[in-house]
Each structure stands twice: as structure tokens, then as C-alpha cells.
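Throw the hints in and build the complete structure from the sequences for me.
Under my numbering, read the sequence shown as residues 112 to 260, first letter to last.
Quick caveat, the hints were computed from the structure, so don't treat them as lab data.
Computed from a predicted structure; not experimentally measured.
C-beta atoms are modelled at their ideal positions from N, C-alpha and C, and glycine is treated no differently.
Any given hint could turn out to be false.
[Unchecked claim] Each pair of labels, with its calculated beta carbon distance range:
1) Thr131 to Asp255: 19 to 25 Å
2) Gln176 to Gln243: 37 to 43 Å
3) Gln246 to Ala122: 15 to 21 Å
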Amino acid sequence: MATYGGGRDAAQAAEPALFTHNGNQIAFVGCNSFGPAYAWATETSAGARPCDGALAAQIAELVAQDYLVIATLQGTEYYQYAATPDQQAQFRALAEAGAMAVSGSQGHHLQAFEFHEGAFIHYGPGNLFFDQMDQLGTRQTLVDTYVFL
112 MATYGGGRDA AQAAEPALFT HNGNQIAFVG CNSFGPAYAW ATETSAGARP CDGALAAQIA
172 ELVAQDYLVI ATLQGTEYYQ YAATPDQQAQ FRALAEAGAM AVSGSQGHHL QAFEFHEGAF
232 IHYGPGNLFF DQMDQLGTRQ TLVDTYVFL
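Below you can see the structure in the form of C-alpha cells.
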């Protein structure tokens, strides 16, 4: 099983998952901006890749190598449909770096999606495997499907 966005140390956590399918080169990259800090990978400990400026540079590098890049972010959970200005800035920066899709993995509440710089951005697809029945937004989900021809 290929993994990305986490690993036994910071170097492995930063490695993309790379695939070739029907002649398409596809790369998955991801990071965690929320933490908590003890969950982040370091040079000597396992964990999630912390979000930093290196992710956008990595996306640009992969795009230069003809990869179609899908980026996922674990951020702060917001229980609202609208994306926050901070989410918009962070997700759009990755789209501007060349990601074809950027998706939030944090949201228990369904959040907005948009197209930016030719990329599909979904700020939070919502709950898929979690039981939170207290409000409509946490009972809703979208399953994004990416088709590569």
C-alpha cells in the first residue's frame, strides 16, 4: 500500500505517492497544519508531515516532471459550509503551485468547493465514515471522483 503525508520520519513523511495509470503520472502529496505538534514527523520520530512552504515547491517540481498532483490538507475543523479566508489562501496557494486538485481531509462538516487556476478545490468533503448526527452539515458528505483518461 502506498502512503503519503506521513511516515517513520520527516523525510519519509514528505515523500509523494507516485503512480502511472493509462499513461498518466499521478502524484499524491499531503500535510497536516493542525497538529497537535506531537503528531508531526521529525527527523527522528514518526508522524504526519507538517504543512510548510516546502509543499508548494514540491508540487511545482512534480508538475515540472509531468505529474498530475492531488494535494490533501489536514487543517482546523470548521463547522460551516463556507471556506474561511485562511483556508482559501492555503488551498489556493497549492492550486497556484500546480496541483490539479486540493482537498481538505479535516472536515467533519461538509464545506464548499471551487475551481481556482484550473484546479478543483474542495475545502472539506464532510464525514464519510464518522457518526455525527447532531447537525445537518455533519450528516452530509460528498465523494470526489477524479477521472484520468
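Status of the hints after comparison with the structure:
| no. | hint | result |
| --- | --- | --- |
| 1 | Thr131 to Asp255: 19 to 25 Å | holds (21 Å) |
| 2 | Gln176 to Gln243: 37 to 43 Å | holds (40 Å) |
| 3 | Gln246 to Ala122: 15 to 21 Å | violated (40 Å) |
In summary, the one numbered hint that this structure violates is 3.
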